[in-house]
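Asks: Listed below are the residues making up each chain.
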Amino acid sequence: MKTIIKKINGQTFIFDFRKLVYWKEKSSLILSDVHIGKITHFRKNGISLPSFPALNNLNTLKSAIQDYNPKEVIFLGDLFHSEYNSEWEEWLTFFKSLNLSFTLVIGNHDSIKTKLKGVKILKYLLRENLYFSHYPIDNLENFNFCGHIHPSFTVKGFGKQKIKLPCFYLSKTHLIFPSFGEFTGTHNMKLKNIEDEIFLLSKERIFKLK
Amino acid sequence: MSEYTNFKTWIDNWMNLKGWKPQKFQILAWKAILNGKNGLINAPTGSGKTLSLIPAIVWSVVNSPKQNNNLICIWITPLRSLSQQIKISIEDFISENNLPLSVGVRNGDTSIKERNNQRKKFPNILVTTPESLQLILSSKDWKKKTSFLKAIVVDEWHELMGSKRGVQVELCTAAIRDFNSKTSIWGISATIGNLDKAKEVLLGSINEKNQGVLIKSTIKKRILVKSIAPKEIKQLPWRGHLGLNLSKYLTPIIKKSKSTLIFTNTRTQCELWYQKLLDEIPQLAGNMAMHHGSIDRNIRLWVEDSLRNEQLKVVVCTSSLDLGVDFHPVESIVQIGGPKGVARFIQRAGRSGHRPNETSTIYFLPTHAIELLESSGLNEAVKQNFVEERIPYVLSFDVLIQFLVSLAVSDGFYPKNVLIYIKKTHAFSRITDEEWSWILKNITIGSQSLQSYDEYKKVEILDNGLFKVNSRKIAMRHRVQIGTIVSDALLQLKSINGKRIGKIEEWFVSKLRKGEVFLFGGKYYKIFQIKNMEVIVKKSKSKKGKVVSWMGGRMSFSSYMSELLRAEIYNLNNKVAPGQINPLNYITKKQTEISAIPNINEFLIESFKTKDGFHTVFYPFEGRLIHEALSHLIAYRISLLKPITFSLAYNDYGFELLSDEFLDVQEIIDNNLWDESYLYEDLNKSINTSEMARRKFRDIAVISGLVFNGMPNKRKGNKDLQSGSQLLFDVFRDFEPDNLLYKQSITETFEFQLEEGRLRTALQRINSQKLIWKQILKPSPFSFPIITDRMRENLSSENFEVRIQKMLLQYQ
Chain V
1 MKTIIKKING
11 QTFIFDFRKL
21 VYWKEKSSLI
31 LSDVHIGKIT
41 HFRKNGISLP
51 SFPALNNLNT
61 LKSAIQDYNP
71 KEVIFLGDLF
81 HSEYNSEWEE
91 WLTFFKSLNL
101 SFTLVIGNHD
111 SIKTKLKGVK
121 ILKYLLRENL
131 YFSHYPIDNL
141 ENFNFCGHIH
151 PSFTVKGFGK
161 QKIKLPCFYL
171 SKTHLIFPSF
181 GEFTGTHNMK
191 LKNIEDEIFL
201 LSKERIFKLK
Chain C
1 MSEYTNFKTW
11 IDNWMNLKGW
21 KPQKFQILAW
31 KAILNGKNGL
41 INAPTGSGKT
51 LSLIPAIVWS
61 VVNSPKQNNN
71 LICIWITPLR
81 SLSQQIKISI
91 EDFISENNLP
101 LSVGVRNGDT
111 SIKERNNQRK
121 KFPNILVTTP
131 ESLQLILSSK
141 DWKKKTSFLK
151 AIVVDEWHEL
161 MGSKRGVQVE
171 LCTAAIRDFN
181 SKTSIWGISA
191 TIGNLDKAKE
201 VLLGSINEKN
211 QGVLIKSTIK
221 KRILVKSIAP
231 KEIKQLPWRG
241 HLGLNLSKYL
251 TPIIKKSKST
261 LIFTNTRTQC
271 ELWYQKLLDE
281 IPQLAGNMAM
291 HHGSIDRNIR
301 LWVEDSLRNE
311 QLKVVVCTSS
321 LDLGVDFHPV
331 ESIVQIGGPK
341 GVARFIQRAG
351 RSGHRPNETS
361 TIYFLPTHAI
371 ELLESSGLNE
381 AVKQNFVEER
391 IPYVLSFDVL
401 IQFLVSLAVS
411 DGFYPKNVLI
421 YIKKTHAFSR
431 ITDEEWSWIL
441 KNITIGSQSL
451 QSYDEYKKVE
461 ILDNGLFKVN
471 SRKIAMRHRV
481 QIGTIVSDAL
491 LQLKSINGKR
501 IGKIEEWFVS
511 KLRKGEVFLF
521 GGKYYKIFQI
531 KNMEVIVKKS
541 KSKKGKVVSW
551 MGGRMSFSSY
561 MSELLRAEIY
571 NLNNKVAPGQ
581 INPLNYITKK
591 QTEISAIPNI
601 NEFLIESFKT
611 KDGFHTVFYP
621 FEGRLIHEAL
631 SHLIAYRISL
641 LKPITFSLAY
651 NDYGFELLSD
661 EFLDVQEIID
671 NNLWDESYLY
681 EDLNKSINTS
691 EMARRKFRDI
701 AVISGLVFNG
711 MPNKRKGNKD
721 LQSGSQLLFD
731 VFRDFEPDNL
741 LYKQSITETF
751 EFQLEEGRLR
761 TALQRINSQK
771 LIWKQILKPS
781 PFSFPIITDR
791 MRENLSSENF
801 EVRIQKMLLQ
811 YQ
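Those protein sequences? They're chains V and C, same order as listed.
Residue numbers for the first sequence follow this note's numbering, beginning at 1 and rising by one.
Residue numbers for the second sequence follow this note's numbering, beginning at 1 and rising by one.
Calculated directly from the structure, the hints in this document are not laboratory data.
C-beta: ideal position from N, C-alpha, C; glycine also.
Careful: at least some of the hints might be erroneous.
Only part of the chain V face toward chain C is listed, based on derived beta-carbon distances under 7 Å [said to hold, decoys possible]:
hint, residue
1, 40
2, 46
3, 50
4, 84
5, 85
6, 186
When the alpha-carbon atoms are kept at most 20 Å apart in a straight line, the in silico EDC-like pairs for lysine to aspartate or glutamate are as follows [stated by the list, open to error]:
hint, chain 1, residue 1, chain 2, residue 2
7, V, 208, C, 738
8, V, 164, C, 734
9, C, 538, C, 516
10, V, 162, C, 793
11, V, 172, V, 204
12, C, 18, C, 3
13, C, 543, C, 279
14, V, 156, C, 380
15, V, 156, C, 798
16, V, 162, C, 730
17, C, 642, C, 691
18, C, 87, C, 435
19, C, 424, C, 435
20, V, 162, C, 279
21, C, 457, V, 67
22, C, 441, C, 454
23, V, 6, V, 25
24, V, 123, V, 141
25, V, 160, C, 296
26, V, 160, C, 736
27, C, 182, C, 141
28, C, 494, C, 516
29, C, 226, C, 454
30, V, 160, C, 676
31, C, 457, V, 197
32, C, 685, C, 612
33, V, 164, C, 691
34, C, 499, C, 681
35, C, 685, C, 602
36, V, 156, C, 454
37, V, 164, C, 798
38, V, 210, C, 3
39, C, 144, C, 156
40, C, 539, C, 563
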């Protein structure tokens, strides 16, 4: 499978193996924790990481935009890793080049000092009774779309096998997004509630746990 | 009169006053030093090694007794705790001879006030660690400071040589000698199998004409090994490494000895034994202490002092008490569990009967049945007086990068000039031009080709060609990072009134909930608060809780230890005396019943099924490290034959390939599984995803500055610059596989860690043996400790997506 379709609050969402979700009714692409500029930030501080993974990231988003042709892209925070560096440029050019609306729900890493052309910046977003934020928020009236945690899950099998994969974590109250950024690390989750759903992501496919 | 006769008259005068007589090795060392030679002294602890060096080093001052601030001697020790003792022993000599000299200690424990004092008035003799030495080289006036230096002494060189700190010492001493050729280098080493090599590594080829001398003391030590073997069958479990149920056998030894030192293999085991002995012998309360690397330094120093002053009856410790410190009053030594190496065992035995010509007794307590075999092996080794070699690190590019940045932080360097002396060190004698240019590019442009819009910043090349760090931020971060000892993120453990208790690894804390009770340093604590890098605890009345544990690597058998063990195993069939019932006989009988005991011409493989899957267990008896590599190699070669996924486990006796389908050993064995050709290539391919390489990379990433652990005592720890080395490992593997530091993690795994050639020899031996394949119905005693090990690795040739699908189906 490349995608899994799921209804939340009566709305249709397509979960894509590329770590993003397409909201059909609104024609929106939703993703979280891109951490743009992380590699360059490290390099600027004397840590010699290779500088290719960043490119990969943008290409993945471009391919998804081509496939879904959305009207809007929503980032659930931590779009940027630190203050401005040269790595931003390519993304900023990209934001300006498309006739699309980009919305950023601000996260703990985003240190944006000036206005970004072509990107709408919000503290949170409420739409169709869905609450979009960076941090997961408990005890909300609305269903919460969020990121921040970088969830992953370890599947285990016969012969003591195990594989850790990034995942979407869907509970009755929250949908936690995997981190879209290549070089970001993950936090391993346990299945908290038997009704919760986990969608695991490999480089080529999306899998449903259970 | 010659220089030496003058010196001898002076020193003899003083020795006569003390009622001492110089030993032969001391005389040889004095002569060599006065002749300006370099060298290595092989002498056991407590034999007067300090006196073999210091008098001759300070001799020039004796004739011109004017006080000044010239540094004349740097004394390097691997352990901070040794510094104080060496300082005292040097100071005693100086004051008794009325010499106008000062001795200072400088290491990670030195207070800022003391450091500032040293800046104003530098001591004449500085006792320090390799890290602090490199720190001195990263300060602006290091050349001025070392221009009067007569000698650098490297204490416990055998210990440093087998680690990257040895490489650090090689580089730093080479830099100093390049600048000041009058400085001589002297090492002190305990007995190891390759003393000549140790000398060669320490001295390098800086001075081709002066190859240095090796001086051996003739003091011999007699060691007596007494094994504690339980009488009843059920007392020794088939697996496990704690041995707690045998504690009653220790009681008589503790009771009859004035003092007892109990060595355990891990800190967790140390904690548990302390508790167990306290339960068993309540009178020990107040007379017993614990010593391991995570306990606060002040408490450790107190334990060491109390041991010396005969105030403690029992100390339970780990390798933290292996080194140098002199405790001659200790009467009995106990080793719990296999010591993994003969040299280590002998060194521990030497903790008792410290006076020359006294016999040292060590008790060995096995913790599981097969360890009984080790005890007879150890006995044999001690009788033959054999000790292992220490293998020096070579081409440690991470250490080289750290060293070069240090130079760039201080006065800067010209690559051409430094390369000359770097090539003269043992570690980098074989560095190629390509590697050198890679390193220089790495620290200046952070990659191998200049990219547009790149903002990489570390070492800058000035117009005159000088390599220099100009950013204060980078310089500061580098100084904090200097050092080659790497451990998990450590949190300070403090009581609620602010007293320091010790250090605890972050991952253990993350498993604790607030209010949960745990055991540390023999006491129960409750977590009160975790903030910044500190864990604040309260004492707890509850006597139940988690035992604090540490990740730490597990030790492996040395090749010699494995050889001894194999001899014991192959001899087992002949050893069983009918009618006699003891745990060893019992296990031998069971192993023969269920499977078989191989003889010297046989190689045993067992196959059986449990609820976990299909187990195939191989028994080369070559030690954990070799098995780690062999399991990867064999799993990889099998995975080329068909799509299959393995979970690997290993211990000192053998290794297991666990799979979800049956493995026909006969079928696969016909495919040259143990072939020596393509060994390097196959290992490379199988290891590049392994835990082994990742573990190595973790150290490399920290040392070379790829991973930054944050500033100490800072509230905010530069979170935006922190990343896991695991993540970095993957980035390099996927995006820059020819990165020298990434490649180093792989070569280190099998070139250094596996002791060159050892793997090849093992394969040759296995090839010459006859294969015994036993398909059995239940696990054998030999297999039990392996298959129950939870530290495992994966290797797979199945399609990744197919594997996930398969596991998800099983998940239901």
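Asks: Each hint should be assessed against the structure and marked as holding or not.
Replies: Verification of the supplied hints:
1. 40: It holds, given that the least Cβ distance between residue 40 (chain V) and chain C is near 6 Å, below 7 Å.
2. 46: 4 Å, holds
3. 50: This interface hint holds because 4 Å falls under the 7 Å limit.
4. 84: 11 Å, violated
5. 85: 6 Å, holds
6. 186: Hint on residue 186 (chain V): violated, closest Cβ of chain C at ~9 Å, above 7 Å.
7. V:208 - C:738: 37 Å, violated
8. V:164 - C:734: 17 Å, holds
9. C:538 - C:516: 11 Å, holds
10. V:162 - C:793: 9 Å, holds
11. V:172 - V:204: 27 Å, violated
12. C:18 - C:3: Not OK: residue 18 (chain C) and residue 3 (chain C) at ~23 Å, beyond 20 Å, violated.
13. C:543 - C:279: Measuring from Cα to Cα gives roughly 12 Å; hence the hint holds.
14. V:156 - C:380: 45 Å, violated
15. V:156 - C:798: Distance ~15 Å between residue 156 (chain V) and residue 798 (chain C) Cα, so the pair holds.
16. V:162 - C:730: Holds, because 18 Å separates the two Cα atoms, which is no more than 20 Å.
17. C:642 - C:691: Not OK: residue 642 (chain C) and residue 691 (chain C) at ~23 Å, beyond 20 Å, violated.
18. C:87 - C:435: This hinted pair is violated, its Cα atoms lying about 41 Å apart.
19. C:424 - C:435: 16 Å, holds
20. V:162 - C:279: 41 Å, violated
21. C:457 - V:67: 39 Å, violated
22. C:441 - C:454: Roughly 14 Å between the alpha carbons, so the hint for residue 441 (chain C) and residue 454 (chain C) holds.
23. V:6 - V:25: Between residue 6 (chain V) and residue 25 (chain V) the Cα gap is close to 13 Å, so the pair holds against 20 Å.
24. V:123 - V:141: Given pair residue 123 (chain V), residue 141 (chain V) holds - Cα atoms ~17 Å apart, limit 20 Å.
25. V:160 - C:296: 39 Å, violated
26. V:160 - C:736: 31 Å, violated
27. C:182 - C:141: Given pair residue 182 (chain C), residue 141 (chain C) holds - Cα atoms ~19 Å apart, limit 20 Å.
28. C:494 - C:516: This hinted pair holds, its Cα atoms lying about 16 Å apart.
29. C:226 - C:454: Given that 20 Å is the threshold and the Cα spacing comes to 65 Å, the pair is violated.
30. V:160 - C:676: 30 Å, violated
31. C:457 - V:197: 45 Å, violated
32. C:685 - C:612: Not OK: residue 685 (chain C) and residue 612 (chain C) at ~27 Å, beyond 20 Å, violated.
33. V:164 - C:691: Answer holds: residue 164 (chain V) to residue 691 (chain C) is near 15 Å, not above 20 Å.
34. C:499 - C:681: 54 Å, violated
35. C:685 - C:602: 29 Å, violated
36. V:156 - C:454: Roughly 42 Å separates the two Cα atoms, so the pair is violated.
37. V:164 - C:798: 16 Å, holds
38. V:210 - C:3: 86 Å, violated
39. C:144 - C:156: 28 Å, violated
40. C:539 - C:563: At roughly 48 Å apart (the allowed maximum being 20 Å), residue 563 (chain C) and residue 539 (chain C) break the hint.
In summary, the structure is inconsistent with hints 4, 6, 7, 11, 12, 14, 17, 18, 20, 21, 25, 26, 29, 30, 31, 32, 34, 35, 36, 38, 39 and 40 from the numbered list given earlier, while agreeing with the others.
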